[in-house]
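Using the hints provided, position chain B relative to the given structure of chain A.
One line per chain: the protein sequences are A and B, in this order. Take the first sequence: its position 10, counting from 1, is numbered 9 in numbering that gives the first Met the number 0, and each next residue is one higher. Take the second sequence: its position 72, counting from 1, is numbered 71 in numbering that gives the first Met the number 0, and each next residue is one higher.
I should point out that these hints are in silico values taken from the structure, not numbers from a laboratory. Treat the hints loosely; a few may be bogus.
Heads up, simulated EDC-like pairs for lysine to aspartate or glutamate below, C-alpha to C-alpha not over 20 angstroms straight-line [stated by the list, open to error]: (1) 231(B) x 265(B); (2) 138(B) x 287(A); (3) 27(B) x 262(B); (4) 22(A) x 137(B); (5) 138(B) x 30(A); (6) 139(B) x 46(A).
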Amino acid sequence: MAEQLYQRDIYGQTLLKLGALDKNIVVLDADLSSSTRTNLFAKQFPDRFFNFGVAEQNMMATAAGLASCGKTVFLSTFAVFAAGRAWDQIRVSIGYNNFNVKIVATHAGITVGPDGASHQALEDIALMRVLPNMNIIVPCDGPQAADAVIAAAKNPGPFYIRLGRSKVPTIENKDDFKFGKAQVISEGSDVTIIACGIMVFEALLAVKSLAQKGIKVRLVNMHTIWPLDKEAILKAAKETKFFVVCEEHNVFGGLASSIDEVVAEHCPKKVIRLGIRNRFGQSGEPADLLKEYNLTSLDIEKAVLSNIS
Amino acid sequence: MENKQLSVKELEARAKETRRLIIEMLAKAGSGHPGGSLSAADLVVALYFNILRFNAKDPQWSERDRFHMSKGHCCPLWYAVLAQTGYFPREELMTLRQLGSNLQGHPARMTPGIESASGSLGQGLSVGLGMALAAKIDKKNYRVYVLLGDGETQEGNIWEAAMACSHFSCDNLCAILDFNGCQIDGRCEDIMGLEPLVAKWQAFGWHVIEIDGHDMNQILSAYEQAKTIKSKPTIIIARTVKGKGVSFMEGVISFHGKAPTKEEAEKALKELS
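The following block holds chain B by itself, in its conformation from the complex:
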C-alpha cells in the first residue's frame, strides 16, 4: 500500500520525535548505542514515512518494500520508527533490552517489521542482495533498502556483497551509508581509513549519490533518483554527524555505545523539544 506522504516540515518533526524516543529508550534501558541511531534518524524517517511501501497491519504483505538495518546496533532508531508507523504499540519501546522483550539489544525476527537479524556487522548488504534476487526471480517490483554503517564497511563481507550486487545488476537495491566518520575506537580515518569512498563504490559498479544526510530535501531526492537508476545498484553516501540533534553528543565518540544518564537524557530531551 502507498503510505501518506509527509511534507519536509512534517518529516523534520517526525525525526525530532524519533530522536526523543531514542533518548528515552536508551536512558530507560541503561545501555545501547545513541550516536549512530541519532546520525541515521533523518535517513530512516524519510524512508519509512515517504518512500517505503508496507502495511504495518500485514507485515508479511508479499509486495512490501524491504528494509534491513545492517548496522544492527542502531536498532533503537528502527524500533522508534516501527512503533510510530504502527507495527507495535509505542509503550513497548520502553521494554528495550529487557528480559523477555520483543525489542532485543540487536535486531531479531521476533520484532514485527524486522525481516532478518543483524548485529554482527558486514552481513546485511548480502541479506539485502538475497531479497533483491528473490524479487527478480519472482518478477516482483518491490525495492530493497539496506542501511550500512561506515565503520561496518571495513568488513570484507561488505565488499563481497558490493561486487555481487553490481554483478547481478540489482537496480532494485539501494544501500544507504550513514557516513558519520566515527567508530567505537575513534575516527574512522584514524582507525582504518575508508576514503575515497565514492571512488571505491563507483569502482565496484555502483551508482553513487552523495548527500548531506540531515537535509530532508536532499534525502528525498536521493531516494527518488535511486528508483530511476537502471541495471546497477545505488548507494546513497550520506554525510552525517554522530549524535546529531543533541549538542553534547554530536561528534563525541564515547556516545557510540554509551546510553545517556538520567540527567543527560533530560538535557537532551530539552534540546529536542
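Okay, chain A solo, but in the shape it has when bound:
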C-alpha cells in the first residue's frame, strides 16, 4: 500500500522551511489556519502571519497591498472561498497587478465529503484559468504539494495551488517535478489518459488493470494547468489514438476544457471527459462520492474499454 499523506500537512511544513529561508514571505489566512495548516507558520513567525477572520475579500486585496511593497504573500482558505468568494479581488488587485500572491486553496473537489455542495469547489480551476497572469498547479500527492509551493515561491506572479482535504496516496517512482511540464507516469501507444490531482492515482490503478488486458496506456500527470504543456498534448495526439481526461472538477472550464482547446485547434482527436458533469456536489464519504460521480479507477477503465477499437 502506498504512503498516504495530507497535502495540507506538507504545505504547512514547506511554508515553515521557506519562511525560515526567506524573510520576505508573509502568510495570511481567513479563520481556517488550523485546517489549511498555515497555523504552523503562524506559530513560528507570528510577525509575518495575519489572520483576517471570516473576510476573504479583505484578505485577497490586503495581499495585493503587501505584494506591492515587495512581499511574497502565501494565503490560504478553502477553495470555494478562495476562488469564488473573492474572485473580483483576485482579478483586479492580484491578477491585473501581476503581484506575487500565492493562493493555496485547500479542501477542493468532491472529496471534501460530508460538508456537502456549498463546500465542494468544483469550478475553481475554471474561475482561475480565465484570469491572465494566473499560474495554476494541481499537485497529485503529498510530495508534489511541496514541489508546487516551492515553484510558486521561486517564480514571479500570482499562483493558484489546489489541494484536497483528505489523505492521498503517494505516486511512487515519478520523474522530478518541473513547473509547466507534464509528467509522464507511464508510457503507452493505445490511449493517453491525462489527469490531475487525486485522479492521477485513480488513473494509475486503471492503467495497471488495463495493462493486464494488453492495453498500453500513456498516463500524463498534468499538474500544471497553466501554463499548459501543449507539447505533451500534441505528442500524445500523434502517438496515441484518443484521450481520456480525468479531473475532480466540473468538466466545463477545467483540465478537460484545457485539453479540448488544444486538441480541437491543433490535432483533432476524440477526448473522453471524466469529471463532474455540471452538477453540484452533495454530502457523503469521499469514496462513495467518487463512485456516485463516476470518478473511480473502474470508471476510467470502462471509458477506455468502451472507446478502444
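Using the frame of chain A, we list chain B on its own:
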C-alpha cells in the same frame, strides 16, 4: 525626500490648475468622471504638494509614503497631480483613455507613481492595509493614504478592511473620504443611506476628523493631526461638493460619469481661469 512646502495660496492655485487639467483631459478623452475628480481635487493636491514624501524621479524609493486611490474612476485627478509633480510629462495627460496610453480609464500599474490598480470599488482600503502591514513588518516609517468615495463605502469589502485596519492598530494609515453625497444613480442618502458616518467609523475603532474638504487650512491640519494619532487608524471625512469649481457641474449628479462637451469645457475653463 521632503518636498517643498507650498503656502495655502499656492496650494489653492495648484488646485485650480489641477481642475483645469481635469476638464481639458476629459473633454479631449470624450468620456470619464469629472464630478468626483473635481470634488477630491483639494484633498489630493494638498496631500501630494505638502504631505507625501516621494521622489518622482525614483518612483520605487522604498521609504516613500504610499497613496492609493480606491475610487479609481477619479484617476484624471490622480494623473493631473502625478504630471505636475514630475512623474511623467504633462503632454501625456491628453492621451487619457486612448489605445496604447499609459493613462487608462481606471488606474493601472503601467502609470509611473501608481502602486496598484483600482476601478472595482471597495478594494482599495484593503490594499492600503497591506501597505501599512508591510511597513510594520519592515519597521519602516512611511505612511499610507487611501482616498475613498462615499458611494464606495456601500461595498462590504470596505467594512471588512475598516475592521481589520483597527484590529491591526494601523496608525500609519490614513483614509480620506470624499463625502460629496452623490453617486451615479442619485444622492447617496436616497440610494443607500450612509449616515451616521462619523459614528460608524468611530464604532469600527477609527479616529475620525471631520472637515470641509475644500478648505486648505482644514485639510492640512487634518493631515497633520492624523500623523499624531497612535494605535488606531484615522479617517478624514471631508465634506465636499461634487463637481466643485465649475458652477454648472456643482451638485449635478449627471456629471458623475459624463465628460464635458467642447462648449462646456470652454465655459468651465473660463470659470477656472
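Does the structure break any of the earlier hints, and which numbers would those be? Failing hints, ascending: 1, 2 and 5.
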